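Chains as they are written, first to last, in this note's numbering: chain G, 1 to 437; chain C, 1 to 293.
Check each hint, because a few of them may be wrong.
What the hints assert, rightly or not - Some chain G residues judged to face chain C by a derived CB distance under 8 Å, without partners named: (1) N70; (2) I73; (3) Y248; (4) R251; (5) S392; (6) W408.
Since the hints were made in silico from the structure, they are not lab data.
On a predicted model such as this, the values are computed, not experimentally measured, just so you know.
All residues carry an ideal CB built from backbone N, CA and C; glycine is no exception.
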Amino acid sequence: MKRFHTSLLALAAAATIAPAAQAQTEIQWWHAFTGRLGELLDAQVAAFNESQSDYQVVASHKGNYSEALNAGIAAFRAGEQPHILQVFEVGTATMMAARGAIVPVYEVMSDSGLPFDPQAYIPSVTGYYTDTEGNMLSFPYNASTPVMYVNRTMLEEAGIDPDVDLSTWEAVGPVLDQLKDAGVACPFTTAWQSWVHLESFSAYHDVPFATRSNGFEGTDTELVLNGPLQIAHIDTLGQWAQDGKFIYAGRRNESGANFRAGECAIFTESSAGYAGVKAEAQFDWDIRPLPYWTAAEAAPQNTIIGGASLWVMAGHEPEEYKGVAAFLGFMSSPEVQAQWHQDTGYLPATTAAAEMTASQGFYQANPGTEIAGAQMTAKPPTANSKGLRLGSFDQIRTIIDEELEGVWAGDKDAETALNSAAERGNELLRRFEMANR
Amino acid sequence: MEKRVTFKGIWLPLLLLAPQVLVTAVFFFYPAGQAIWQSLFIPDPFGLSMQFVGLGNFEYLFGNRFYRASFVTTAIFSVSVTVVSMGIALYLAVLADRLIKGSGTYRTLLIWPYAVAPAVAGVLWLFMFNTRIGVVTWYLGQLGYDWNHVLNEAEAMGLVVVASSWGRISYNFLFFLAGLQAIPRSVIEAAAIDGARFWTRFRTIVWPLLSPVTFFLLVVNIVYAFFETFGVIHTITGGGPQQATTILVYKVYADGFVGQDLGSSAAQSVILLFVVGILTVIQFKYIERKVHY
Numbered sequence: 001m002k003r004f005h006t007s008l009l010a011l012a013a014a015a016t017i018a019p020a021a022q023a024q025t026e027i028q029w030w031h032a033f034t035g036r037l038g039e040l041l042d043a044q045v046a047a048f049n050e051s052q053s054d055y056q057v058v059a060s061h062k063g064n065y066s067e068a069l070n071a072g073i074a075a076f077r078a079g080e081q082p083h084i085l086q087v088f089e090v091g092t093a094t095m096m097a098a099r100g101a102i103v104p105v106y107e108v109m110s111d112s113g114l115p116f117d118p119q120a121y122i123p124s125v126t127g128y129y130t131d132t133e134g135n136m137l138s139f140p141y142n143a144s145t146p147v148m149y150v151n152r153t154m155l156e157e158a159g160i161d162p163d164v165d166l167s168t169w170e171a172v173g174p175v176l177d178q179l180k181d182a183g184v185a186c187p188f189t190t191a192w193q194s195w196v197h198l199e200s201f202s203a204y205h206d207v208p209f210a211t212r213s214n215g216f217e218g219t220d221t222e223l224v225l226n227g228p229l230q231i232a233h234i235d236t237l238g239q240w241a242q243d244g245k246f247i248y249a250g251r252r253n254e255s256g257a258n259f260r261a262g263e264c265a266i267f268t269e270s271s272a273g274y275a276g277v278k279a280e281a282q283f284d285w286d287i288r289p290l291p292y293w294t295a296a297e298a299a300p301q302n303t304i305i306g307g308a309s310l311w312v313m314a315g316h317e318p319e320e321y322k323g324v325a326a327f328l329g330f331m332s333s334p335e336v337q338a339q340w341h342q343d344t345g346y347l348p349a350t351t352a353a354a355e356m357t358a359s360q361g362f363y364q365a366n367p368g369t370e371i372a373g374a375q376m377t378a379k380p381p382t383a384n385s386k387g388l389r390l391g392s393f394d395q396i397r398t399i400i401d402e403e404l405e406g407v408w409a410g411d412k413d414a415e416t417a418l419n420s421a422a423e424r425g426n427e428l429l430r431r432f433e434m435a436n437r
Numbered sequence: 001m002e003k004r005v006t007f008k009g010i011w012l013p014l015l016l017l018a019p020q021v022l023v024t025a026v027f028f029f030y031p032a033g034q035a036i037w038q039s040l041f042i043p044d045p046f047g048l049s050m051q052f053v054g055l056g057n058f059e060y061l062f063g064n065r066f067y068r069a070s071f072v073t074t075a076i077f078s079v080s081v082t083v084v085s086m087g088i089a090l091y092l093a094v095l096a097d098r099l100i101k102g103s104g105t106y107r108t109l110l111i112w113p114y115a116v117a118p119a120v121a122g123v124l125w126l127f128m129f130n131t132r133i134g135v136v137t138w139y140l141g142q143l144g145y146d147w148n149h150v151l152n153e154a155e156a157m158g159l160v161v162v163a164s165s166w167g168r169i170s171y172n173f174l175f176f177l178a179g180l181q182a183i184p185r186s187v188i189e190a191a192a193i194d195g196a197r198f199w200t201r202f203r204t205i206v207w208p209l210l211s212p213v214t215f216f217l218l219v220v221n222i223v224y225a226f227f228e229t230f231g232v233i234h235t236i237t238g239g240g241p242q243q244a245t246t247i248l249v250y251k252v253y254a255d256g257f258v259g260q261d262l263g264s265s266a267a268q269s270v271i272l273l274f275v276v277g278i279l280t281v282i283q284f285k286y287i288e289r290k291v292h293y
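Please construct the entire structure, taking both the sequences and the accompanying hints into account.
Laid out in structure tokens, this is it:
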């Protein structure tokens, strides 16, 4: 028993001495990635830790996006917050409003004295995460944008030219008819219905999703997603659902399984779905830009991003923030960004990384991977296409999902559903405004 | 004849009560008190600021037709889960009680599902009824029925009721079987000799004598359906399609932990607390009168 105690003591002593001997500053990073993305993330962290000896980044998985955000919030309330927290795009307004809980990235960078050039980043990617003066508030770690995946084999089997024009919804409609007539059970499906068919849709057609520049100018914003263009689009999708041309599989990306298994012909999904399709699809496929309605003069504007960004939490030592700055600097380097972009299908955050990817011949070798970037950067973003900054956005998405399900099931018409979504969402926006006064 | 242990002084009884009081205070009174306090505010998620709104959260909730609709959903769900799980359990218990051979095996097999956590049960049922690869969906398709709980509200409700009831049948089965075995054989045999058939014996002897167990299970199952079915809903439907399976406790979670609307979430917890309190009072005041001990 006595020996056991002594060895325990020795162990405890060793444990306390070991980090001191290395004199490294530890940087905690909480994230929401598992599987392949988790491995790639760990590799980035390992590369950073090996590249220098002053800081040690420790990455911890904290569940899915919602759970990671919750963990960060709970930890902040307990004074145990990490230095870096990965927050999905819908949590952006929540983080931004918490002025005492975060340190904006541009401040972290300028305080550190490390080189930081905001011009190096792609504006339509960072735009979602900047304030109205253009200052970067959070680091755009994994940004994607919706694109369209096409099962060329299925098109061919249905007697349709696989290179058929699918650049507009007007052109997509007849192709779906042909697929349906050829006996295809699932001509069209989508992932993330609200993100693709309302949020990105609005930006892409340069119509507002919410007032006050989609919430960028203040929390007194109101949803206007029930405009004529959005109603017309949802109405069309609703018709397609009734006719069995659009098959709804779930609120998230459940439909990805249908497409990858070769059951659906056309599929709108995040550009980050690329890795999964590439790994699993046993058929000929390609990526197309998201279609638009030619009736809308401004289309195609640019689509908006999804994914997540890295927020720096308040309440740490200056030395530790230097480490955070060094890490974010490392993550912005063209090599790291280009590799991440090529491995995952997420967008490169910097122009240099995009150029590097192009010069390496990646786009030639993997046709379709350039589309997301091109779609994002085709035009300089407008007030309607910079992004969305809405409080309680996760709940608002749920409301939109519920209302859209009403349309797909044939219980409601598009106008009623979108009016109701706007009305219900506005109630939540007023509560968020109150909570953050 | 009354058997009663009397203590001298006050300290020993207090000491003996203390652990239970402490546990109740720490795990019930304190959090419940916090919920009541929080329900009067709209706080920001990080705890940096709070807006006092008095009963504003409650006004907001009761003014919201979707919240009111959630009561109806919860009622349908709870009653269905209770009826399905107790009905099937009673049927199985009566059958198992009549078994002479192999009853141990049946009992063991029937008890197994109770060991499955609600979230896991949810995933299992979801697999069977998956609209794309579910085996039951496939068989239904062969019969010409197009199962789609992703869009069909009634099917979604049916699926979460079945998944929630499944593990519960085991629990109810155990109690019903024990209750049945506690009924003196002599009473039943006497009735049989008098010419009473099985159904008459069940109605006039077994059912009344079983009523304390049934009543206990009724209370416990309603509470279960209200609070512990969260995992099933979360894994199978996430409250959808539309709001077909958004029961009250799921809404507390969704608004509080997904939506970060802590004020509304706290107010909902307080409302739930009252609802279950009232239900329990009703059960004990009115239904218990019909129970024969």
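Which earlier hints can't be squared with this structure?
none
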